[in-house]
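Enquirer: The residues making up each chain are set out below.
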Amino acid sequence: MNNSLHLNRESPIHRLSPEVKIVAVLLFTIVVVVTPREEFAAFAGYAVLIAIVAALARVPAGWLLKRATIELPFVLLAVVLPFAGHGERVEWLGMSLSVEGLYGAWNIFAKGTLGVLASLLLAATTTTRDLIVGLDRLRCPDVITQIMTFMVRYLDVLADDARRMRIARLARGYDPRFLWQVKAFAVGIGALFLRSYERGERVYLAMLSRGYAGRMPVTVGAPAPAAEWVLSAALPVASAGIAVTALLA
Amino acid sequence: MHIANGIVDGPVSAIFIVVAVVGLAFCVWRAKLDLDDRLAPMAGLVAAFIFAVQMLNFQVLPGVSGHLLGGTLAVMLVGPYVGALCVATVLIVQCLLFADGGLTALGLNITNMALIGAAAAYLLVAGLLRVLPKNPAGLGATALIASVAGVVIASMGFVVEYALGGTTELSIGAIAATMAGVHTLIGIGEGLIAAITVVTVARVRPDLVYALRHFRKPVLAKAVLA
Chain S
1 MNNSLHLNRE SPIHRLSPEV KIVAVLLFTI VVVVTPREEF AAFAGYAVLI AIVAALARVP
61 AGWLLKRATI ELPFVLLAVV LPFAGHGERV EWLGMSLSVE GLYGAWNIFA KGTLGVLASL
121 LLAATTTTRD LIVGLDRLRC PDVITQIMTF MVRYLDVLAD DARRMRIARL ARGYDPRFLW
181 QVKAFAVGIG ALFLRSYERG ERVYLAMLSR GYAGRMPVTV GAPAPAAEWV LSAALPVASA
241 GIAVTALLA
Chain G
1 MHIANGIVDG PVSAIFIVVA VVGLAFCVWR AKLDLDDRLA PMAGLVAAFI FAVQMLNFQV
61 LPGVSGHLLG GTLAVMLVGP YVGALCVATV LIVQCLLFAD GGLTALGLNI TNMALIGAAA
121 AYLLVAGLLR VLPKNPAGLG ATALIASVAG VVIASMGFVV EYALGGTTEL SIGAIAATMA
181 GVHTLIGIGE GLIAAITVVT VARVRPDLVY ALRHFRKPVL AKAVLA
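Note that the protein sequences, when read in sequence, are chains S and G.
For the first sequence, this note's numbering gives the first residue as 1, with consecutive numbering after it.
For the second sequence, this note's numbering gives the first residue as 1, with consecutive numbering after it.
Simulated from the structure, these hints should not be mistaken for laboratory data.
Just so it is clear, the structure is predicted and the values come from calculations on it, not from any experiment.
You may find that some hints are simply not true.
Said to hold, decoys possible - Computed beta-carbon distance windows for the label pairs:
hint	chain 1	residue 1	chain 2	residue 2	range
1	G	I172	S	E38	22 to 30 Å
2	S	V34	G	V182	38 to 46 Å
3	S	S96	G	V160	45 to 53 Å
4	S	C140	G	T178	32 to 40 Å
Don't be surprised by glycine CBs; every beta carbon is placed ideally from N, CA and C.
Okay, chain G solo, but in the shape it has when bound:
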């Protein structure tokens, strides 16, 4: 859910625009280390992929359909920096072309979904992959847990912003509980899809899963030694 204009007051929105710009600048710098001049075409295609995936509705129950947000999926497949850039691009396009999310709330939305979401998901992915067994089930469990946690933590970003500059007086506890509840449900659906998707890609092209890059075995070197 994208924050609209007027939910959070002006000064706090302005502060988070600065946070978003600084965060994205850092992501651009790190993403260029990952992809150098391939950055624009690759990140653009991944952003289009996230957007296309968001357009596919999936029936959860008769009459109720949901769609994927794609943040954790992008982070696992292309890494935290390129992933955050792609999600931020999707948010800017949705704001300007589809009027989804307020123009003055763009900084808030980018901070929550692109920066906090990607950072939380990637830290969890990096940690869990060390602990869990290195097989498809372990990879799937990692994607599931990171998705649920990533979505809920991103929604807590909104709670913090609301506590700082909310324009209405609702108890923060109630908002935090509602947001956590709704987003846990969203996160579980998101996590199931992300888990199966990542496992599918890992079976066919494990070299394309960024999260697995530390587990590559130097096949060639071994063959030469043997």
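Next up, chain S with everything else stripped away, as it sits in the complex:
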């Protein structure tokens, strides 16, 4: 299965091993979050870094911005802050805004947006299967990676099941549109659970009969070479450099 956010392109970023990309994005996000909110120049620098990576990965800006709308609920929270904040206030276009609230809004907006853009770039350049392989090589406990493997493997199957049941309901003339018609919807969910759980039992028995003993066989493929770690370290190292320069300046 491929996630809906994956952009199948040929680029140096796509070719990097998944584990180095996960670590680079994680470190970059940490640097962004710990940067003091007054360092406006540093945030501009981070945005430039994101733009460079996006260009290298051949991910269009419009694609990124459209999917970044996922953080809208928190942007709304940020819009409220200047009006609701306490302390010193400034006049702007006839509105009285709290200085503290403006800083708070900027903090949420800048750090939230940079984090979402970095995560989107990771998802755009890495397939689901590779992400799980990456987590496994990063010594993520194998219970979690195995549950994820099954979840990702069967997600499409169950989503298709749910879609077929909905079409069957529509074909019989029932279309629950309002909250007081929720019963058919919920009964459908119950049926979906029964199908999922019984499929789980069948899958488990099939695995047992093929020699499953509690651990999946080790997947082939070599871990990332040192050169890739050095290459991907460029992003967190550059962002840390920007942060230190901004703080010292």
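Position chain G against the provided structure of chain S, taking the given hints into account.
Expert: Chain G alone, transformed into the frame defined by chain S:
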């Protein structure tokens, strides 16, 4: 709603990553007692089920659609430990593949929705099932109440984290009131769907409802005695 990066400061986020890891380790240990080596396939399928359910939008009013979160439902059907693991897996996948919820806030989100939500919902379910009548109506009421309380208590987890390390100065009282209000509404919708779903499953395959496992009657033994 998933917490994004930069809402709660670094040290508090780090503390809750530790809380989440310890909590999940405990859940893995207990879940293995429930499911032994069946854990990965069963929990994976239930996690896929939660994810598929979250993709189904339901029209609440014309133009406004909502979707199920599935936490309480999972807890009632597969138990608190497997349920919490499934919700946590869904959160990790949403964070890495769908950029929903901040990478540095993953510990906060797992603590709230997987650990606090599952624990609160399951304690209520266990308590209410003893008190309420043992029929479909009682089971449905249990699911409804546990869903509302579970969702609201999970949202209070965010209020506590915000009080500890919020990056902006808003009054905690206002945040608590807003979060409780919004999540009560979410919880009622969630609860209605969870109640009907659990009752449906209990009618067809009562053996698959974890919350009812203490009420199984030893049919075979009785038949042999009679």
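Enquirer: Does each hint hold? Answer for all of them.
Expert: Hints and how they fare:
Restraint check, I172 (chain G) to E38 (chain S): a C-beta distance of roughly 24 Å satisfies the suggested window 22 to 30 Å. For V34 (chain S) paired with V182 (chain G), a C-beta distance near 30 Å fails the hint of 38 to 46 Å. The given range of 45 to 53 Å is broken by S96 (chain S) and V160 (chain G), whose C-beta atoms sit roughly 31 Å from each other. At roughly 35 Å, the beta carbons of C140 (chain S) and T178 (chain G) sit within the given window of 32 to 40 Å.
Checked against the numbered hints above, the structure violates hints 2 and 3; every other hint is satisfied.
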